[in-house]
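**Student:** So the chains spell out like this:
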Amino acid sequence: MIKMKSFLMAFIVLLSAILSGCSLPGLAGAGKNSIAVGTMGTSESQIMGNVVRLMIEHYTDAKVEMVNNLGSSIVQHQAMMNGDVDITATRYTGTDLAGALGMEPVKDPKEALEIVQREFEKQFDQTWFDSYGFANSYAFTVKKEMAEKENLETVSDLEPLVDDLKLGVDNAWLKRKGDGYEGFVKEYGFEFGKTFPMQIGLVYQAAADGKMDVVLAYTTDGRIKAFDLKVLEDDKHFFPPYDTSLVARNDLLEKHPELRGILQKLSGKISTEKMQELNYEADGKMKEPAIVAEEFLKENNYFEEE
Amino acid sequence: MDTIMDILNYYSNNGAYVWEQFYRHFLMSAYGVLFAAIVAIPLGILIARYRKLSGWVISLANIIQTIPALAMLAVLMLVMGLGTNTVVFSLFLYSLLPIIKNTYTGILNVEQALLESGKAMGMTKFQVLTMVELPLAMSVIMAGLRTALVITIGVATIGTFIGAGGLGDIILRGTNATDGTAIILAGAIPTALMAVIADIAMGWIEKKLSPNKTSKQAIQQQTTAA
Chain D
1 MIKMKSFLMA FIVLLSAILS GCSLPGLAGA GKNSIAVGTM GTSESQIMGN VVRLMIEHYT
61 DAKVEMVNNL GSSIVQHQAM MNGDVDITAT RYTGTDLAGA LGMEPVKDPK EALEIVQREF
121 EKQFDQTWFD SYGFANSYAF TVKKEMAEKE NLETVSDLEP LVDDLKLGVD NAWLKRKGDG
181 YEGFVKEYGF EFGKTFPMQI GLVYQAAADG KMDVVLAYTT DGRIKAFDLK VLEDDKHFFP
241 PYDTSLVARN DLLEKHPELR GILQKLSGKI STEKMQELNY EADGKMKEPA IVAEEFLKEN
301 NYFEEE
Chain B
307 MDTIMDILNY YSNNGAYVWE QFYRHFLMSA YGVLFAAIVA IPLGILIARY RKLSGWVISL
367 ANIIQTIPAL AMLAVLMLVM GLGTNTVVFS LFLYSLLPII KNTYTGILNV EQALLESGKA
427 MGMTKFQVLT MVELPLAMSV IMAGLRTALV ITIGVATIGT FIGAGGLGDI ILRGTNATDG
487 TAIILAGAIP TALMAVIADI AMGWIEKKLS PNKTSKQAIQ QQTTAA
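Which chain is which? The protein sequence lines are D and B, in order.
Position 199, counted from 1, in the first sequence is what the numbering used here calls 199; the numbers after and before it change by one each time, with no gaps.
Just so we're on the same page, the numbering used here is the position in the second sequence counted from 1, plus 306.
Read the hints as simulated data drawn from the structure, not as lab findings.
Glycine is no exception: its CB is placed at the ideal position from the N, C-alpha and C atoms.
Some hints could be false.
[Unchecked claim] From the derived model, a few chain B residues whose C-beta atoms are all more than 12 Å from chain D:
id : residue
1  : E326
2  : V416
3  : S423
4  : G424
5  : M444
6  : G469
7  : I503
8  : K514
[As the list claims (entries may be wrong)] If you want a taste of the chain D side facing chain B, the calculated C-beta under 7 Å gives, among others:
id : residue
9  : G41
10 : N68
11 : A290
12 : E294
13 : K298
Let's have the full structure, built from the sequences with the hints guiding it.
**Tutor:** Set out below in structure tokens:
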């Protein structure tokens, strides 16, 4: 009976350790002493999450824990508000303007960034960092050969050809209000000859094979680079900006004041083309995001020269 | 064939990462079973003593077992937040039933005659428990731990949905990638392998602890000594 009591005591101690948020040996949980970085399920998000983790580990002794596969931007936001994660690695201005802040879309990228930076500070006590330098938005994309032949640079350049063009787009986009097809026709003043709704993952291959002339792609997808496609500039700024930044809780930045400077090193360092490349490393060459991130940072010497 | 090459290619690129997730996955499962053992073995002994309680305790553990893993994780996440601790706790809950049941059965199956001879030798109740009942029931209890460990290795895969990492992370990433067949397999194969190895290893321990074997050895030792 004595043995049972001591068993029970040991259990209660362990259980309270778990519930109070301490981490078990060998399993650094998202405990009080470690920094938790949240990411979504996409390769892009996980690569950037690991970049953030490796930067913090490189410059400080803090323990960093990854919380992967958060379902959406809203889930990321809630995890930040609950304190389950301290940093979210990829937040997009357009998404969070509409999602977390519930505001109208803003077309100017700079203004959008200013608004989210100001509002996140004020409403949520969180710091929205300057953009990494890439934006993951919708973009009209064509085969490079065609762009060269027809001299295409911007979406407006498509207008003279448009009646003969086949457009492949995401299922949802055709019927979407605001920045959907209807809005597009109003803004640019022309319609495509034929539109084909398809799954977003298939549009890249369709464009590369010439089955579609123009497709609506995600700008940072690695297949744009791999399949030699060209992104046309959205010259009328029809799509809201989706500049990508990391967001951190202010209490974390107060506890570790050095983090602000370390994380700011990443601002403006990754262009959309670079992100396409990194995404392709993960999706096309089947490297894990953690490995891609490490190689990227080693290549750039962890941005130490600054 | 291509897929096999892709998988090998994946391992050569990401070996360290896979090993890290493998280790993490195993630790989560092992902690879940360990904590469950700490609670469930004494509880099993208790309900073997007070058999009126057994119906209640076992049906409660049964109910826990029937909750789908994803639902369990989601509900626990609301209370405990994201991360490994939530997963370990849900694995703990899933491990309770097999361990409680096996401990209960193991203790009840000890022959009455042996208990009485223990008592006749002047053993206290505690001595009967530790020197007669537990050693004889040990292999059955180990079988419970074995079942529990295999279950938890499977369930831990779902932990990826609440950000706990483990091999489930690799599988889920495969479902998101352009052509993820190889990545999915690269995560699923080690998971299955871990379960099989755990089963074999625990089976071996179970056999080692089996009272029949030890008594045979004891007899052999006696005969050789004589």
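**Student:** For every hint, state whether the structure bears it out.
**Tutor:** Checked hints:
Consistency note on E326/B: stated as away from chain D, yet its beta-carbon is not over 12 Å from all of that chain's, at 9 Å minimum. Look at V416/B: its CB is around 17 Å from the nearest CB on chain D, clear of 12 Å, so calling it non-interface holds up. Listed as outside the interface, S423/B is consistent with that label: its C-beta sits roughly 22 Å from the nearest C-beta of chain D, beyond the 12 Å cut-off. The Cβ of G424/B sits about 16 Å from the closest Cβ of chain D, beyond the 12 Å cut-off, so the non-interface label holds.
Every CB of chain D is more than 12 Å from the CB of M444/B (nearest about 15 Å), matching its label as outside the interface. The claim that G469/B lies off the interface is violated: its Cβ sits roughly 3 Å from the closest Cβ of chain D, which falls inside the 12 Å cut-off. Separation of I503/B from chain D is adequate, the least Cβ-Cβ distance of about 19 Å exceeding the 12 Å criterion. Its beta-carbon lying about 22 Å from the closest one in chain D, K514/B satisfies the requirement of being farther than 12 Å from that chain.
The criterion of a C-beta within 7 Å of any C-beta in chain B is met by G41/D, whose closest approach is roughly 5 Å, and the hint holds. The criterion of a C-beta within 7 Å of any C-beta in chain B is met by N68/D, whose closest approach is roughly 6 Å, and the hint holds. About 5 Å separates the beta-carbon of A290/D from the nearest beta-carbon of chain B, less than 7 Å, and the hint is met. A least Cβ separation of about 9 Å between E294/D and chain B goes past the 7 Å threshold, and the interface hint is therefore violated.
Annotation: K298/D was flagged as interfacial toward chain B, and the flag is violated, the nearest CB pair being 14 Å apart, outside 7 Å.
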